[in-house]
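Enquirer: Each chain, letter by letter, is given below.
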Amino acid sequence: MSQNRLASHTGAVIDFTFNGKSYQGIAGDTLASALLANGVDVVGRSFKYSRPRGIFGHGAEEPNAIIQLGSGASTVPNLKATQVELYQGLEASSVNGWPSVNFDVMAIVGAFGRLMPPGFYYKTFMYPKKLWMTYEHFIRKAAGLGTAPVEADPDTYDKLNQHCDVLVVGAGPAGLVAAREAARTGARVIIADEQSEFGGSLLASQQTMDGVMAPRWVASLVAELVAYKNVQLLPRSTVFGYYDHNFLTILERRTDHLGLSSAQGTRQRLHRVRAVQVVLATGAFERPLVFAHNDIPGVMLASSVSTYINRYGVAPGKKLLLFTTNDSAYQTALDWQQTGRQIIAVVDTRSNPSGDIVAAVKLRGIEVIGGHGLIEAQGNKRVKRALIAPINASGTQVTGPVRRLNCDLIACSGGWSPAVHLSSHTGAKPVWDESIVGFRPGESKQQERSAGACRGTFDLTGCLAEGASAGAVAASLCGHGDGSVQFPACAVEDYIEQPQQALFLVPHTSATSRAPSQFVDFQLDVSAGGIELAVREGFESVEHVKRYTALGFGTDQGKLGNINGMAILANALDQTIAETGTTIFRPSYTPTTFGAIAGRDVKALFDPERYTAMHRWHVEHGAEFENVGQWKRPWYFPQQGETMNDAVNRECLAVRNSVGMLDASTLGKIDIQGPDAAEFITRIYTNSYLKLAPGKCRYGVMLKEDGMIFDDGVCACLGDNHYLMFTTTGGAAGVLAWLEIWQQTEWPELQVYFTSVTDHWATATVTGPNARRVIAKVCQDIDLSNEAFSFMDWRDGTVAGVKARVFRISFTGELSYEVNVPAHYGRHIWQALIEAGEEFSMTPYGTETMHVLRAEKGFIIVGQDTDGSMTPADMNMDWVVGNKKTFSFIGKRSLQRSDTLRENRKQFVGLKTVDGQAVLPEGAQVVFDAKQKIPMSMQGHVTSSYYSAYLGHSIALAVVKGGLGRMGQVVHCPLADGRIIAAEIVSSVFYDPKGERHHVE
Amino acid sequence: MLLIHCPHCQENRDEEEFSYGGEAHIVRPLEPEALNDQAWADYLFFRTNSRGIHHEMWYHAMGCRRYFNATRNTLTYEILETYKTGTQPTIVGASA
Ligand SMILES: [Zn+2]
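Heads up: the protein sequence lines correspond to chains A and B, in order. Under numbering that gives the first Met the number 0, read the first sequence as residues 0 to 1000, first letter to last. Under numbering that gives the first Met the number 0, read the second sequence as residues 0 to 95, first letter to last.
Think of the hints as simulated: they come from the structure by calculation, not from any bench. Watch out, some of these pointers could steer you wrong.
Label pairs and their calculated CB-CB ranges [to be verified]: (1) M61/B with K695/A: 28 to 38 angstroms; (2) C8/B with F552/A: 40 to 50 angstroms; (3) R50/B with G537/A: 28 to 38 angstroms; (4) K158/A with N11/B: 13 to 23 angstroms; (5) K380/A with R50/B: 34 to 44 angstroms; (6) Q2/A with E15/B: 49 to 59 angstroms; (7) M61/B with G867/A: 19 to 29 angstroms; (8) E15/B with D355/A: 47 to 57 angstroms; (9) G640/A with C8/B: 49 to 59 angstroms; (10) N11/B with T16/A: 49 to 59 angstroms; (11) C8/B with D157/A: 22 to 32 angstroms; (12) D355/A with L79/B: 47 to 57 angstroms; (13) E22/B with R535/A: 46 to 56 angstroms.
Some but not every residue of chain A turned toward chain B, in silico, with C-beta under 8 angstroms [what the hints assert, rightly or not]: (14) K228; (15) K444; (16) P747.
Listed below are several chain A residues computed to face chain B (Cβ distance under 8 angstroms; list not exhaustive) [what the hints assert, rightly or not]: (17) D243; (18) E251; (19) R615; (20) I740.
Where a beta carbon is used, it is the ideal one built from N, C-alpha and C, also for glycine.
Given the sequences, and given the hints that come with them, work out the whole structure.
Expert: And the structure:
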């Protein structure tokens, strides 16, 4: 069996592979504990120097054991082996270390480590810029950042919106008792913990609580919580973000521990929780000690060694040397001795370690070497020995001869750093506290309180007391209970701890700059010397140093290294840590999958699709579709063998020569009613509607208050105090909100009401010289003659047996009828019109032809020919502005601003290419002098451009500085491919400039 | 994500249902033509950009479709009150 597994620990055997080799673990293992049990030392390579790295921690803090789980569509990169539960058939590999962790080409680079100082990436790889692509390719492959799956994710993810009174984050001792106190009051409680089992540090504890071993005490408390109907327990659930107004997000991993391929049901669930009160009981991370070559596999955190022994039955070595600045690590000596394996000594930086637990360790015959530092680890792929030496009381200098101690495992402890991440998400700035040598959570910015180790309270008795109180108080603030603790305190035997020593960098016989690398951030190879060098190069702000050295920028977000790094920086700057400050932690606490964030909002559910009532017909007739907002609109209707150009040319000619039909249902439609409707509309549009009679329509333009066009369309008077406003397809919602804000906030005295009726109506536009003849076949009760029903009129009538509103408005320049019927009759009316149009070869057409036809007429499309910086005058549309209106309509005053009146504004014109067959690309820049050197003076740009089959040449619309005064001048459009297309500035109306076509008999 | 009380619906709803409407209590001049460019630009472009107490409009776009005002602390994002358009806030900042 596995060399490091303790005989006392048994369970079902689980087969797995790591980097292609087969191993066996035991049920309950993490991938990390199973690898340690099997004596796997090297689990990855460091990012920059490619040094071999081993498992260092046992949870979210792990910097080295970053793995890729599985392969194919379900593969997950960048998981920490310490957080991956072992399952039968698990396959994992290191993300760092191509081609293999044991032989790594980058190690050659690592040998030149001194050539890769901090700022290396900026200094080397950003210059010269053109080589960056080459470097990046090599570096990414060599350093490895994991591989994202290329296939679509086969799994299902859910989101769940939740509310609760008290959300408890963390189910260690403080969290568990907090949940129990809150639960008792009847408050709705959610308690979440990232591990598979509740209990936190107690799961690996040797302490007795109320007379039973800690794990048993946990089990009975969890059973109590389960019995409460008002408590939801979420194991395997990481609270990864704390946002405004007590909104927190939890990633629940539901099936990952069962294996990637056996996943059933929802793989992960994102809980979106709105909590009235939050109790943070997120614990603390043990801080590593920074000494030379502290990154060799076999150096671990003391608490991690204890956890592997007590929880997983794994002793990750043969000969332990402990190195500490505080009492807590002595427990690891006691735990290790129980395994029967050799312990060399406890090296303590404090000159005269004393107190209960030190005495207990000494009593068992373990040597305690006080006043010493472990200044350097030696070994290649595994620790072989340590160098220790006496150091001065302040921990800044080696003061005596160096001794060598042989060992294969170094467990270190530099004290504890409260996990203040979530409170930091709320904007609470962590506060340095010398008494705990760590940052405590800052003053609460939201309805939350911290309890236990994350608040800097490290003894179990204190954690339990704080947790209980926090739970009771949180519940009372939700209206449950009186805030007093009800359950009796648990009887715990705690050692009385002696003060720890604050030591963030262990001195070496050589100066830091010359000593072997003393690593601060393992994942990104940031060393103490690197931080000091950054300071010598002039960096002072912690945020700048972080970015320059990459400290804390790995996937572990510096959970281990940040405090040491900050302290070393403070020392180099000759400041206190408090002065140097901390960095703000941001979500996510640990990496979160895109799948969970997307949830069910993928594929067809990513964004709603809107279809018109005629959609099926379009599909059946082979339409290609275009997305316009959420609408699917027919783009063109290709026939057998036609290209898009063929189809559009045919559709355009059909409309100009006979008749065509467009599904115009998607145009925004707002029903406006009320005694002040006309007055209101007149304030909104640039022109007047006060005298518009029932049965009449008018085209209008809306401006923002800055005078710029933001929507346009036709508005029809349906009756007294009743109007129908058409908007652009994409602008409908924005226009409705625009009307609402003016009515509600500025002119509440105007009685007017708005209703969106876009979906209520289906619209078929019949257009072309034969349009009247088609309509006449299906509509007998409207006099269609020019005299009785003229341009810009609308009529009620019956079309193909359906009550309809018929509008004589035109976006093509041809005789047009827009037939509006209740949406349920859309398909019927479309079909009836198609049949009526057969003898005229009536041709259905799509948005592309619509665009070409309107461009031939110089009709603008808001948002394509305008961009929020164009006034009506710029668009040569002064005719639409009613300057005589008494009320100063929205935007009017801005038309007189000096900037809108200035010469040389961009103006809307037509462009006719000198080579009529050349079609300008939309967006092409316009210059006056084609020979000018780069950068050229850009004078405008092409907004719309098409080939006009009817005219036999290309047409373009553009905005050009002073363009309306430049008719007949030739301008140039230099293209990305080097061509320069010359074009003449012409009128924007290419077709039927006198507007005679829509009056045909 | 903010939790916003709509004074029309009388309910706390998620920010997702609302859209932001900019600074509140900016009255449109009754006679814009009477203003010089500077005065018009003040109305059009310049906002207090308060640090701290800020009165602002919100639109319950996915709810009752009505505008209302909120007093929000721009430092903490705390919404101190919401009130109907046309009424005045009860909480005001020390200075504009
Ligand atoms: Zn509402």
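Enquirer: In ascending order, which of the hints set out earlier in this document are inconsistent with the structure?
Expert: 5, 14, 18, 19
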